[in-house]
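Put together the whole structure using the sequences plus the hints.
Residue numbers (the working numbering), protein chains in the order written: chain A, 1 to 115; chain B, 1 to 227.
To be clear, the hints were calculated from the coordinates, so they are not data collected in a lab.
Please note: incorrect hints may appear among the correct ones.
Stated by the list, open to error - Computed footprint of chain A on chain B, listed as stretches where at least three residues anywhere in the stretch have a Cβ under 8 Å from a Cβ of chain A:
#1 157-168
#2 211-217
Claimed, not checked - Derived pair list, reagent style DMTMM-like, types lysine to aspartate or glutamate, alpha-carbon separation capped at 25 Å:
#3 B:Lys105 <-> B:Asp133
#4 B:Lys13 <-> A:Glu27
#5 B:Lys13 <-> A:Asp65
#6 B:Lys13 <-> A:Glu79
#7 B:Lys105 <-> A:Glu19
#8 A:Lys41 <-> B:Asp133
#9 B:Lys154 <-> A:Asp65
#10 B:Lys13 <-> A:Glu53
#11 B:Lys13 <-> A:Asp42
#12 A:Lys99 <-> B:Asp19
#13 A:Lys99 <-> B:Asp150
#14 B:Lys16 <-> A:Asp40
#15 B:Lys16 <-> A:Glu16
#16 B:Lys154 <-> A:Glu83
#17 A:Lys32 <-> B:Glu27
#18 B:Lys154 <-> A:Asp40
#19 B:Lys104 <-> A:Glu12
#20 B:Lys16 <-> A:Glu83
#21 B:Lys16 <-> A:Glu49
#22 B:Lys202 <-> A:Glu83
#23 B:Lys154 <-> A:Asp42
#24 B:Lys16 <-> A:Glu112
#25 A:Lys99 <-> B:Glu137
#26 A:Lys32 <-> A:Glu19
#27 A:Lys99 <-> B:Glu177
#28 A:Lys99 <-> B:Glu27
#29 B:Lys16 <-> A:Glu27
#30 B:Lys16 <-> A:Glu53
#31 B:Lys105 <-> A:Glu12
#32 A:Lys41 <-> B:Glu219
#33 B:Lys16 <-> A:Asp42
#34 B:Lys13 <-> A:Glu19
Glycine included, each C-beta is placed from N, C-alpha and C at the ideal position.
The chain contents come next:
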Amino acid sequence: MHELSIAVSMVERIIEESENRGGLRVEAVHLKLGVLSGVDKDALMFSYEVACEGTFLAGSTLVIDSVPLLIYCDSCGAEGAPESMQHIACPRCQRPSHKIVRGRELEVSALELAA
Amino acid sequence: MSTAPRLIEVRAKVLKQNDLLARELREQFRRSGVYVVSLVSSPGSGKTAFLEKVLARTGINHRVAALVGDLATENDAARLRRAAPQVKQITTGTICHLDAQMVKKGLEEWDLENLDFLFVENVGNLVCPSSYDLGEELRVVLLSTTEGEDKPLKYPTIFNGADVAVITKMDLAAATEFDLMATRRNIQSVRPGMQVFEVSSKTGQGMNEFISFLCGRFEAARTATMS
Numbered sequence: 001m002h003e004l005s006i007a008v009s010m011v012e013r014i015i016e017e018s019e020n021r022g023g024l025r026v027e028a029v030h031l032k033l034g035v036l037s038g039v040d041k042d043a044l045m046f047s048y049e050v051a052c053e054g055t056f057l058a059g060s061t062l063v064i065d066s067v068p069l070l071i072y073c074d075s076c077g078a079e080g081a082p083e084s085m086q087h088i089a090c091p092r093c094q095r096p097s098h099k100i101v102r103g104r105e106l107e108v109s110a111l112e113l114a115a
Numbered sequence: 001m002s003t004a005p006r007l008i009e010v011r012a013k014v015l016k017q018n019d020l021l022a023r024e025l026r027e028q029f030r031r032s033g034v035y036v037v038s039l040v041s042s043p044g045s046g047k048t049a050f051l052e053k054v055l056a057r058t059g060i061n062h063r064v065a066a067l068v069g070d071l072a073t074e075n076d077a078a079r080l081r082r083a084a085p086q087v088k089q090i091t092t093g094t095i096c097h098l099d100a101q102m103v104k105k106g107l108e109e110w111d112l113e114n115l116d117f118l119f120v121e122n123v124g125n126l127v128c129p130s131s132y133d134l135g136e137e138l139r140v141v142l143l144s145t146t147e148g149e150d151k152p153l154k155y156p157t158i159f160n161g162a163d164v165a166v167i168t169k170m171d172l173a174a175a176t177e178f179d180l181m182a183t184r185r186n187i188q189s190v191r192p193g194m195q196v197f198e199v200s201s202k203t204g205q206g207m208n209e210f211i212s213f214l215c216g217r218f219e220a221a222r223t224a225t226m227s
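See the structure below:
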């Protein structure tokens with residue numbers, strides 16, 4: 001499980017972003033998590049709480065938005081969501097493609113501040 | 001006064017530090033003309049045995065070195081030193097993967113200018129290493145014939161993030177009734193277009209193909225840097 005390492009990096013990034021903006025009172029953190037990011041959602045939720053301890057983010061909420069896989073198909077020129085991670089092929093023409101457009105995200109997208 | 005929470009857009013990549021460092025390493029590797037290959041697989045798939053042979057073979061005409069990651073022990077490094085003089089063990093303690101910082105630290109006393117190939121053997125794990133860029137040029141995922149044919153389907157992320165796949169322990173394929181076609185199909189299903197090699201570190205099967213592939217990549221990278 002590497003989610004704790006990920007959560008620690010995440011907390012460091014949020015603190016950095018917050019300080020760059022003159023110090024924010026963060027209540028919730030929104031994270032975009034691609035299905036091909038290699039990170040497990042539940043393990044990250046748990047690790048986030050642990051990683052926040054002793055920082056000003058303690059008690060903040062983590063909101064995870066899962067990003068489904070989206071590929072570009074060279075054969076028919078369409079973008080589409082493959083049937084699954086186990087079968088990465090164009091949903092339109094069924095040809096396999098390795099051009100991943102979305103699905104690898106591991107990115108804090110927004111910070112929710114205390115009113 | 002409004003009590004509605006304010007939302008600030010940030011777009012902050014969680015692994016920014018690692019990604020930046022990996023990019024720096026990649027540039028440094030290219031400037032120094034060293035071709036960096038990383039190996040990922042589950043524990044016991046034969047990474048070290050394979051690397052031992054690859055080091056010995058590439059070491060005939062090239063200057064080679066290896067960094068090898070494990071949670072504990074220096075055993076793998078000791079083994080690989082039989083094949084190449086420059087081998088360093090990275091012990092990660094409880095960490096289940098290598099990251100760019102560990103690679104950078106592992107390289108501290110080495111002069112990259114004096115190397116052609118650098119191999120980085122990751123900790124045996126099919127999950128965690130997939131999130132971390134190490135600055136390598138080529139990521140090789142290994143799968144042995146003693147594992148299930150459906151490994152690629154169970155761990156699509158690590159297979160999808162790799163550049164080539166190597167099926168190891170081909171000498172045991174018959175004994176384990178390994179279904180090669182099904183495995184190849186599963187690999188293509190999670191990582192369309194991936195080149196697959198079949199090798200046996202024990203008998204040497206398929207090693208010529210893999211070594212000429214590596215040398216081809218090395219020459220192409222060197223030509224690209226010089227032009």
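Tested hints:
Here's how the segment 157-168 of chain B fares: 4 of its residues keep a CB closer than 8 Å to some CB of chain A, so the rule of at least three is met and the hint holds. Against chain A, the segment 211-217 of chain B contributes 0 residues with a C-beta closer than 8 Å to a partner C-beta. That does not satisfy the three-residue criterion, and the hint is violated. Restraint check for B:Lys105 and B:Asp133: the C-alpha separation of about 15 Å stays at or below 25 Å, so the hint holds. Distance hint between B:Lys13 and A:Glu27 is fulfilled; the C-alpha atoms sit about 19 Å from each other, no more than 25 Å.
A threshold of 25 Å between alpha carbons decides the hint, and for B:Lys13 with A:Asp65 the separation of about 14 Å falls inside it, so the pair holds. A hinted pair counts as satisfied when its Cα atoms are at most 25 Å apart, and B:Lys13 with A:Glu79 qualifies at roughly 24 Å. Proposed proximity of B:Lys105 and A:Glu19 is contradicted: the alpha carbons are some 29 Å apart, above 25 Å. As the CA atoms of A:Lys41 and B:Asp133 are separated by approximately 20 Å, the hinted pair is consistent with the 25 Å bound.
Simply put, B:Lys154 and A:Asp65 have alpha-carbon atoms about 23 Å apart, close enough for the 25 Å limit, and the pair holds. Taking the CA atoms of B:Lys13 and A:Glu53, the gap is about 21 Å. The hint holds against a cut of 25 Å. At most 25 Å may separate the alpha-carbon atoms for a hinted pair to count; B:Lys13 and A:Asp42 meet this at roughly 19 Å. For the given pair, A:Lys99 sits about 20 Å from B:Asp19 by alpha-carbon distance, which is consistent with the 25 Å threshold.
For the proposed pair A:Lys99 and B:Asp150, the alpha carbon gap of about 23 Å is at most 25 Å, so the pair holds. At roughly 19 Å between alpha-carbon atoms, B:Lys16 and A:Asp40 fall within 25 Å of each other, so this suggested pair holds. For a cut-off of 25 Å, the pair hint linking B:Lys16 to A:Glu16 stands: about 11 Å separates their Cα positions. A distance of roughly 15 Å separates the Cα atoms of B:Lys154 and A:Glu83; the hinted pair therefore holds under the 25 Å criterion.
Proposed proximity of A:Lys32 and B:Glu27 is contradicted: the alpha carbons are some 28 Å apart, above 25 Å. For the suggested pair B:Lys154 and A:Asp40, the alpha carbons sit about 14 Å apart, so the restraint of at most 25 Å is met. For the given pair, B:Lys104 sits about 21 Å from A:Glu12 by alpha-carbon distance, which is consistent with the 25 Å threshold. Proposed proximity of B:Lys16 and A:Glu83 is contradicted: the alpha carbons are some 30 Å apart, above 25 Å.
Between B:Lys16 and A:Glu49, the direct Cα distance comes to roughly 21 Å. Compliance with the 25 Å bound is thereby established for this hinted pair. With a C-alpha separation of about 39 Å, the suggested pair B:Lys202 and A:Glu83 falls outside the 25 Å cut-off, and the hint is violated. A C-alpha spacing of about 18 Å is found between B:Lys154 and A:Asp42, which places the hinted pair at or below 25 Å, so the restraint holds. Pair hint B:Lys16 plus A:Glu112 holds up; C-alpha atoms about 21 Å apart against a cutoff of 25 Å.
Annotation: proposed proximity of A:Lys99 to B:Glu137 holds, straight-line Cα distance about 18 Å (limit 25 Å). Of the pairs offered as hints, the one joining A:Lys32 and A:Glu19 holds, with about 21 Å between alpha carbons and a cut-off of 25 Å not exceeded. This hinted pair does not check out: A:Lys99 and B:Glu177 have alpha carbons roughly 34 Å apart, beyond 25 Å. Restraint check for A:Lys99 and B:Glu27: the C-alpha separation of about 24 Å stays at or below 25 Å, so the hint holds.
For the hint linking B:Lys16 to A:Glu27, the alpha-carbon distance of about 22 Å falls within 25 Å, and the restraint holds. Proposed proximity of B:Lys16 and A:Glu53 is supported: the alpha carbons are some 22 Å apart, at most 25 Å. A distance of roughly 21 Å separates the Cα atoms of B:Lys105 and A:Glu12; the hinted pair therefore holds under the 25 Å criterion. Simply put, A:Lys41 and B:Glu219 have alpha-carbon atoms about 42 Å apart, too far for the 25 Å limit, and the pair is violated.
Note on B:Lys16 and A:Asp42: the hinted pairing holds, with a Cα-Cα distance of about 22 Å set against a maximum of 25 Å. Taking the CA atoms of B:Lys13 and A:Glu19, the gap is about 16 Å. The hint holds against a cut of 25 Å.
Taken one by one, the earlier hints fail for this structure at numbers 2, 7, 17, 20, 22, 27 and 32, listed in ascending order.
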